[in-house]
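A.B. asks: Quick note, the sequences are listed as chains A and B, same order. Just so we're aligned: the first sequence equals residues 1 to 384 in the working numbering. Just so we're aligned: the second sequence equals residues 1 to 134 in the working numbering.
Hints listed in this document are in silico derivations from the structure and should not be mistaken for laboratory results. Each hint should be verified, as a subset may be incorrect.
Unchecked claim - Cross-link-like lysine to any residue pairs, in silico, SDA-like; alpha carbons within 25 Å at most:
| id | chain 1 | residue 1 | chain 2 | residue 2 |
| --- | --- | --- | --- | --- |
| 1 | A | K361 | A | G383 |
| 2 | B | K45 | A | Y263 |
| 3 | A | K158 | B | H94 |
| 4 | B | K61 | A | L159 |
| 5 | A | K158 | B | K45 |
| 6 | A | K232 | A | V20 |
| 7 | B | K45 | B | Q92 |
| 8 | B | K71 | A | G129 |
| 9 | A | K361 | A | D320 |
| 10 | B | K79 | A | G43 |
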Amino acid sequence: MSNPLRDKAAVVGVGHSPCVRDMGVSPHVFTARTILEALDDAGLNPSDVDGMCAMGGAPEPATIEMIETLGIPGVTYYGGAMGGGVGPGLVAQAALVVAAGLCTTCVAYRTMAAPRPGDATYNFMAREGPTGNAAFSAPYGQGVFMQYFAPWYQRKKKLYGVKDEHMGAYVTQMRDNASRNPHAALRNPMTMEEYLACPFVAEPLRRYDCDLPVDVCGAVVVTTSERAKDLKKKPVYVAATATGTGPRPDMIFWHDYDQSSAYWANKVIWKNAGMGPQDMDFGMIYDGFAPLILYNLEEYGFVPKGEVGPWLGEGHHRPDGSFPLNPHGGNNSEGRSHAIGHVVEAVHQLRGEAGERQLKKANATFVNGGALMLAGAIVLHNGG
Amino acid sequence: MDRLLPVISDLSRPYWDGARAQRLVLQRCPECRDWVHPPRPMCPKCQSETMAYEEASGRGKVYTWSVMYTKGNPGFDAKIPYATVTIELDEQPHLFVIGNIDCPRDQIEIGLPVEVWYERVTDEITLPQWRPAK
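Kindly generate the complete structure, drawing on both the sequences and the hints.
C.D. replies: Structure representation (structure tokens):
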């Protein structure tokens with residue numbers, strides 16, 4: 001029996017701010033602008049909205065603040081939090097509650113802000129007086145976020161034949177893709193030599209493997225597939241969603257560095273979508289740390305385990321390759337948006353409105369967010 | 001700024017008392033006998049609420065590692081680049097502890113057998129540390 005929620009909800013509008021160091025207005029204001037852009041894209045007004053999904057931790061404005069600012073008369077569903085590792089996880093939640101009838105038109109958004117002078121930087125987690133798990137890692141100088149991931153990547157490289165040149169093939173391609181994305185923060189080309197000369201931040205992780213913190217908001221409007229047919233743009237249907245996590249709540253003390261949380265999302269996503277990885281025309285794969293794509297591509301079944309390094313080296317991920325990845329440049333080169341940018345680009349591609357980035361074949365795609373500890377995944381298609 | 005020192009809780013006190021006495025003392029469920037680290041209020045395997053502590057062998061293998069090049073960890077900026085290691089203890093698969101390792105960097109490799117030693121930091125805090133096994 002097919003999943004009863006399959007294709008019941010559709011993305012009908014998207015908005016995306018530029019990715020910049022300083023938007024010149026507060027996150028509150030640029031978030032409101034981006035939601036209005038997404039509603040306008042759908043041909044809807046704030047008064048049509050009856051559902052909201054966001055994490056809502058500063059600097060991101062809370063859903064209840066946006067409801068007031070946008071003049072939304074009230075909603076029958078509001079949600080959010082970490083389930084699904086942010087961007088795609090929030091859109092997954094919006095699609096579920098629309099399909100389940102808790103609301104009719106739901107806005108999911110993700111806002112991030114570049115650190116300002118005096119801010120604790122986003123990446124800095126080491127705090128005076130560490131408690132909990134951090135009490136057993138921070139005293140050894142392992143308290144900054146990149147050190148939660150670098151040991152995973154080290155193991156991947158040593159045991160699964162991933163070489164610096166493989167990641168270089170990915171990152172340099174993302175820069176090239178971002179050169180065709182007017183919203184992207186990093187649009188200058190990068191050569192393999194430049195990538196390989198890039199200093200480590202936490203070996204084996206290089207600075208160019210890390211996404212750039214920026215001011216950015218992405219907003220996505222989801223409604224019922226039935227209602228979507230009468231709106232301004234071609235509907236993008238949500239075939240299935242999944243979120244997952246593993247048995248331990250921490251990337252350092254995770255149960256097994258060779259099994260990321262994507263393992264659990266992968267257990268249900270394809271069966272519920274009625275499609276498989278081979279049916280996806282391109283991939284919107286999360287890359288907040290660029291080597292996260294190694295785990296995501298393997299765990300979701302796009303590349304056999306242990307083969308992802310050479311796969312990248314062969315260029316399959318290029319726009320003209322066998323499975324193009326992140327034509328907008330990924331979070332790696334567009335800017336850190338916790339993959340809401342991936343969802344927006346997926347919609348642009350599936351509608352055929354990605355301009356000079358437009359892929360030749362773009363009828364179905366897979367979008368994921370989160371990494372290692374938190375997974376969120378969506379299968380989207382345009383109905384052919 | 002000095003290195004960050006752990007806040008000792010009722011839950012973790014036996015671990016830090018053990019380290020001060022130069023013993024690696026970890027949580028172990030008295031019912032299902034599973035080792036647990038970091039300490040938890042209940043056994044994640046059998047949900048027992050009566051967790052206890054036992055001395056571990058102090059032996060394990062390097063599971064993975066990284067070398068820090070970026071400032072931001074209090075007390076460590078002058079040591080850059082320095083390695084941190086994830087040790088898989090001999091007691092149980094995927095029983096991990098974090099530490100630094102006392103050996104040249106080119107000697108660090110996945111699977112390297114290691115043994116514990118103890119770094120006294122203050123009167124109250126001693127940190128279990130790691131070096132290649134003799």
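A.B. asks: Decide, hint by hint, whether the structure agrees.
C.D. replies: How the hints compare with the structure:
| no. | hint | result |
| --- | --- | --- |
| 1 | A:K361 with A:G383 | 13 Å, holds |
| 2 | B:K45 with A:Y263 | 20 Å, holds |
| 3 | A:K158 with B:H94 | 18 Å, holds |
| 4 | B:K61 with A:L159 | 15 Å, holds |
| 5 | A:K158 with B:K45 | 31 Å, violated |
| 6 | A:K232 with A:V20 | 29 Å, violated |
| 7 | B:K45 with B:Q92 | 13 Å, holds |
| 8 | B:K71 with A:G129 | 18 Å, holds |
| 9 | A:K361 with A:D320 | 10 Å, holds |
| 10 | B:K79 with A:G43 | 57 Å, violated |
Checked against the numbered hints above, the structure breaks hints 5, 6 and 10 and satisfies the rest.
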